[in-house]
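Engineer: Keeping their order, the protein sequence lines are chains A and B.
Remember, our numbering sits 14 above the position in the first sequence when you count from 1.
Remember, our numbering sits 981 above the position in the second sequence when you count from 1.
No wet-lab data here; the hints were simulated from the structure.
Any given hint might turn out to be false.
Claimed, not checked - Pulled a few chain A residues facing chain B out of the computed Cβ check, cut under 8 Å: (1) F17; (2) L63; (3) F67; (4) L74; (5) N188; (6) A213.
Note that CB positions come from ideal geometry on N, CA and C, so glycine has one too.
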Amino acid sequence: MLFTDIVFYVLSAILLFSGIRVITTRNPVHAALFLVLAFFTAAGIWLLLEAEFLAIALILVYVGAVMVLFLFVVMMLDINLDKLREGFWEYLPMAGLIGILMVVEMTMVLAEKNLHPSEAVELPANYSNTAALGKVLYTDYLLPFELAAVVLLVAMIAAIVLTLRERKDNKSMNPAEQVKVKRNDRLRIVSMPAEVEEAPAAPTEEKK
Amino acid sequence: MQFFAELFGSYWADVQLVVWTLIKIVAIVLPLMIGVAYLTLAERKVIGFMQVRIGPNRVGYFGLLQPLADGLKLLFKEIILPTASNKALFFIGPVLAIAPAFAAWAVIPFDATLVLANVDAGLLYILAMTSVAVYGVIIAGWASNSKYAFLGALRSAAQIVSYEIAMGFTLVGVLMCANSLNLGNIVMGQEGGFWHWYFLPLFPLFVVYFISAVAETNRAPFDVAEGESEIVAGFHVEYSGMAFAVFFLAEYANMMLVSMLAALMFLGGWLSPVPFLPDSILWLLAKVAFLLFLFLWFRATFPRYRYDQIMRLGWKVFIPITLVWIVVVGAMMQTQWAYLFH
Chain A
15 MLFTDIVFYV
25 LSAILLFSGI
35 RVITTRNPVH
45 AALFLVLAFF
55 TAAGIWLLLE
65 AEFLAIALIL
75 VYVGAVMVLF
85 LFVVMMLDIN
95 LDKLREGFWE
105 YLPMAGLIGI
115 LMVVEMTMVL
125 AEKNLHPSEA
135 VELPANYSNT
145 AALGKVLYTD
155 YLLPFELAAV
165 VLLVAMIAAI
175 VLTLRERKDN
185 KSMNPAEQVK
195 VKRNDRLRIV
205 SMPAEVEEAP
215 AAPTEEKK
Chain B
982 MQFFAELFGS
992 YWADVQLVVW
1002 TLIKIVAIVL
1012 PLMIGVAYLT
1022 LAERKVIGFM
1032 QVRIGPNRVG
1042 YFGLLQPLAD
1052 GLKLLFKEII
1062 LPTASNKALF
1072 FIGPVLAIAP
1082 AFAAWAVIPF
1092 DATLVLANVD
1102 AGLLYILAMT
1112 SVAVYGVIIA
1122 GWASNSKYAF
1132 LGALRSAAQI
1142 VSYEIAMGFT
1152 LVGVLMCANS
1162 LNLGNIVMGQ
1172 EGGFWHWYFL
1182 PLFPLFVVYF
1192 ISAVAETNRA
1202 PFDVAEGESE
1212 IVAGFHVEYS
1222 GMAFAVFFLA
1232 EYANMMLVSM
1242 LAALMFLGGW
1252 LSPVPFLPDS
1262 ILWLLAKVAF
1272 LLFLFLWFRA
1282 TFPRYRYDQI
1292 MRLGWKVFIP
1302 ITLVWIVVVG
1312 AMMQTQWAYL
1322 FH
């Protein structure tokens, strides 16, 4: 038990440190990278809880896809940090209040179930979290699951439609047309008599 | 032995486990490094042959010591740190490139019993590790504080994110056939001769997987992240010496990883193609070698893709193909021909 305890505390320390650094570091790219580190260590803690599917899904979805696109945008932005920080002390009381409220709410919801580790079920070594999750998701929770998928799909299509507009100066090419091009569309062979280079004029006139 | 056992007392079993695991890791990484070194030599020899040249032949017989000479040369070169770069991230970049490339090998089975970690969600783990690999390229490109490096990093990020989707869908097809995410079980699902291997029922997915794999590893003809003729050398233009070599190690280790995955998932892994020959790790190595040869062949013969063509191929061709074929496989499994897809 001792070894997993050490791992848990090390991961928690890294998680808390990177979480704090996300909001305190001055460079937005560093903040995004600390967020990546936070996701990664959170996945490690989930692995300790034997929730391997959720842990790997967290890395796959958030670290591998979402944060890459996030970094992509953040790296190209020219953010003026001093302007961003202007109202920090002004908003602090309100933000602190909301933060404390959220912590209280979360504790009220989760404490009952989760603060009694002795109740955790010891699962056999060959227990597959992934298979169990799949079975529950596609039997008991099929309808909510499909509904969530449809909502996501609608959101995705909406996001694409919102940005879709035909520009008049669009220079994009149609690959089908490019493939269909024949030589005669692009190239014209002209028959003409061979040119004979004239002998250079005598340089005598220039000397004068 | 007795001395150590007394020293660690009740933790002796744990210590033994850790040491034994470390030895196993070395037993995988060491051949991998040697494989990477000789893959570079093979690449130069194969491309030389295709371009009617000899290739390296000065160091050792047939140039067999060339990789060692290259390694030594890079080891003794100075690592230049650009003044305007972000120092910490500049060195984290290569580390993040090579770490996932090696970490993914933890769940690769080489034989029915020869595997470091027989994880149930092995396929997901590998997918997660290969998706993390892009950070090395992005961080290196950004930390260099150079236009070319940054452009290379952006190109690579967009390309890897695009092709990962198609790659993920091809894996969905495989796990539908195998009913498992465990790589060992996926191979055992293909038992009984080459006509049982998944590349036949999943042929479109196999083709999409392999082309996506070439794109994921930033190899020609998808190497716009490097694109010598456009952006000098892309994301690693500011790197020199061993830091530069680490990027190359990562690229070749990733090539071997995706070839290994293709061999395990579509070509029956260590299973022999005909039932009367014994299964052996040699079959696996032969299949991987063949797929790696295809990588080199592509590089020698295809011109580099234009950037918009890469994006079109990924989003408008591969993703629809994989989606359609997954539906086909799912529908066929409900009919009397379901046995063809298992």
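Engineer: Against this structure, judge whether each hint is valid.
Structural biologist: Verification of the supplied hints:
1. With its C-beta approaching chain B no nearer than about 6 Å, A/F17 sits inside the 8 Å limit, and its interface hint holds.
2. Violation of the interface hint for A/L63 is found here, the shortest Cβ-Cβ separation to chain B being roughly 14 Å, above the 8 Å cut-off.
3. Hint on A/F67 holds. Least Cβ distance to chain B is approximately 6 Å, under the 8 Å limit.
4. With a cut of 8 Å, the hint placing A/L74 at the interface with chain B holds, because the nearest CB-to-CB distance is about 4 Å.
5. Evaluation of the A/N188 hint against chain B yields a violated restraint, the C-beta minimum of about 10 Å exceeding 8 Å.
6. A distance limit of 8 Å between C-beta atoms decides the matter here; for A/A213 the minimum to chain B is near 42 Å, and the interface restraint is violated.
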